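Participant: Sequence:
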Amino acid sequence: MESNKADHSKKKSGSISSLFQRSPRKENDSSNEGAAVQEFMLSFRKKLSTFGPNFVSFVYPSSTSNDKGHGLSDQEESENGLSNNMSALFVISAITGSAILSLPLALKDSGWLGVFMIIICGVNSLYAGMILGWCWNIMQESWPEYKKANEIPYPEMARRAVGNWMRYTIMVFLVISQVGTCIVYLVLISKHIEGASSGKLKFCYMMILALFLITPLTWFRAPRNFWFMAIIDVFCSTLFIFLLLIAFFIDKERIGPVSYPQPTFSSFTVSFGSLMFSYAGGGVYPTIQNDMKNRKLFPQSVFTGFLLIFILYIPFAILGYAAYGHTLGNDITETLMKNQNLKTVAKFLQVLSLAQLTTTLVIYLNPTFQLLEYLLECPK
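The opening residue of the sequence shown carries number 1 in my numbering; numbering runs sequentially from there.
Keep in mind the hints are simulated off the structure, nothing from the lab. Errors might be hidden in some of the hints.
DEER-style ranges, computed between Cβ atoms [claimed, not checked]:
id, residue 1, residue 2, range
1, Lys-296, Glu-253, 47 to 57 Å
2, Trp-112, Tyr-205, 19 to 29 Å
3, Phe-220, Glu-253, 42 to 52 Å
4, Asn-225, Ala-322, 21 to 31 Å
Subject to a maximum C-alpha distance of 25 Å in a straight line, what follows is the list of computed DSS-like cross-link-like pairs (lysine-lysine) [stated by the list, open to error]:
id, residue 1, residue 2
5, Lys-343, Lys-252
6, Lys-148, Lys-293
7, Lys-347, Lys-202
8, Lys-200, Lys-347
9, Lys-200, Lys-343
10, Lys-147, Lys-347
11, Lys-200, Lys-293
12, Lys-147, Lys-252
13, Lys-343, Lys-202
These figures come from a predicted structure and were not determined experimentally. The beta carbon of each residue, even a glycine, is placed where N, CA and C say it ideally should be.
Based on the sequences and whatever the hints tell you, model everything.
Facilitator: Spelled out as structure tokens, the structure:
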């Protein structure tokens with residue numbers, strides 16, 4: 001009797017446990033899916049090659065290996081990584097967010113001394129970015145496990161340098177900084193939608209709509225999976241500044257002579273904060289470096305990126321402040337909107353800024369999502 005009861009209980013438990021077991025996946029299905037993905041990637045890269053012989057190597061250095069996630073070997077990770085040039089574009093994209101709109105205003109608050117502040121703050125941020133790159137290279141040489149993909153490179157630097165408590169401190173500050181910055185970007189995106197529609201689309205509703213539209217773009221795993229956003233970002237930023245510089249000279253005839261207010265201690269302090277925010281992006285650097293083909297070249301990518309940023313920032317800030325002086329508003333496109341002849345141009349500039357802010361938001365928020373995936377132990 002006892003043996004019959006035991007057999008009956010085993011059968012019952014076996015039947016219950018079978019309900020919660022997932023059916024094994026057929027090998028043929030997985031192999032077919034893998035072949036389909038590989039065929040799609042190869043055909044996609046062939047299409048990229050039509051833009052020029054060096055386009056594929058510039059954007060995506062590997063043209064043969066397939067991206068399989070964080071489980072890649074060291075060699076496969078290296079082959080699938082970002083190129084040096086592409087990493088420089090990511091550095092530019094991570095920095096040039098809302099700063100483009102407020103740089104002339106920062107000069108208005110600080111006076112012509114602000115030009116030197118732009119350079120000093122930029123050099124300081126450049127040095128910090130290069131130090132971060134060298135630090136991660138040292139860690140890879142000292143601890144080989146960091147040669148593989150890592151979701152939390154910045155907190156790991158803090159842990160090795162200070163201790164475990166600093167690792168979690170950096171995690172908290174990283175999330176607060178990046179989420180807070182992206183909220184600012186979301187507000188500006190909603191304002192630009194409202195401005196480009198001449199007020200027909202209301203700001204509050206556009207913020208909710210923009211949130212839902214941008215969310216799918218944040219589902220890419222790592223920077224190397226959305227490299228095209230960096231290209232779009234830099235293109236929009238460059239075209240935005242180029243068109244604005246032309247508009248400055250056209251609008252100057254309407255404005256006429258302007259005065260340049262003397263900065264106060266309060267306005268100078270606000271300007272300093274704005275200029276420091278113009279170079280915010282350090283939290284993204286280790287994530288970009290971690291996705292590079294040759295991570296030792298990241299300091300060179302930072303230097304190249306900042307060189308282009310200086311070329312964009314300095315002439316734009318000087319000419320914008322020189323043209324408008326005390327009449328500058330918080331948003332340079334809104335100031336330009338006062339000229340009826342340039343209203344269409346101003347709306348187009350808002351659309352460019354909208355696209356640029358969207359791509360910057362996605363790039364800037366990626367390290368936070370990787371951190372959360374690490375903490376929640378999400379499957380890779």
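Participant: None of the hints should be skipped; say for each whether it holds.
Facilitator: Consistency of the hints with the structure:
For the hinted restraint 47 to 57 Å between Lys-296 and Glu-253, the CB-CB distance of approximately 52 Å keeps it satisfied. Taking the beta carbon of each, Trp-112 and Tyr-205 are about 41 Å apart, not inside 19 to 29 Å as hinted. For the hinted restraint 42 to 52 Å between Phe-220 and Glu-253, the CB-CB distance of approximately 46 Å keeps it satisfied. Roughly 42 Å separates the CB atoms of Asn-225 and Ala-322, a value that falls outside the hinted 21 to 31 Å.
With a CA separation close to 15 Å, the supplied pair Lys-343 and Lys-252 stays within the 25 Å bound. For the proposed pair Lys-148 and Lys-293, the alpha carbon gap of about 12 Å is at most 25 Å, so the pair holds. Our distance criterion of 25 Å between C-alpha atoms is met by Lys-347 and Lys-202, whose separation comes to about 16 Å. Of the pairs offered as hints, the one joining Lys-200 and Lys-347 holds, with about 13 Å between alpha carbons and a cut-off of 25 Å not exceeded.
With a C-alpha separation of about 16 Å, the suggested pairing of Lys-200 with Lys-343 holds against the 25 Å cut-off. The hinted pair formed by Lys-147 and Lys-347 fails the criterion: a straight-line CA distance of about 46 Å is larger than 25 Å. Annotation: proposed proximity of Lys-200 to Lys-293 is violated, straight-line Cα distance about 47 Å (limit 25 Å). Distance hint between Lys-147 and Lys-252 is unfulfilled; the C-alpha atoms sit about 54 Å from each other, more than 25 Å.
For a cut-off of 25 Å, the pair hint linking Lys-343 to Lys-202 stands: about 19 Å separates their Cα positions.
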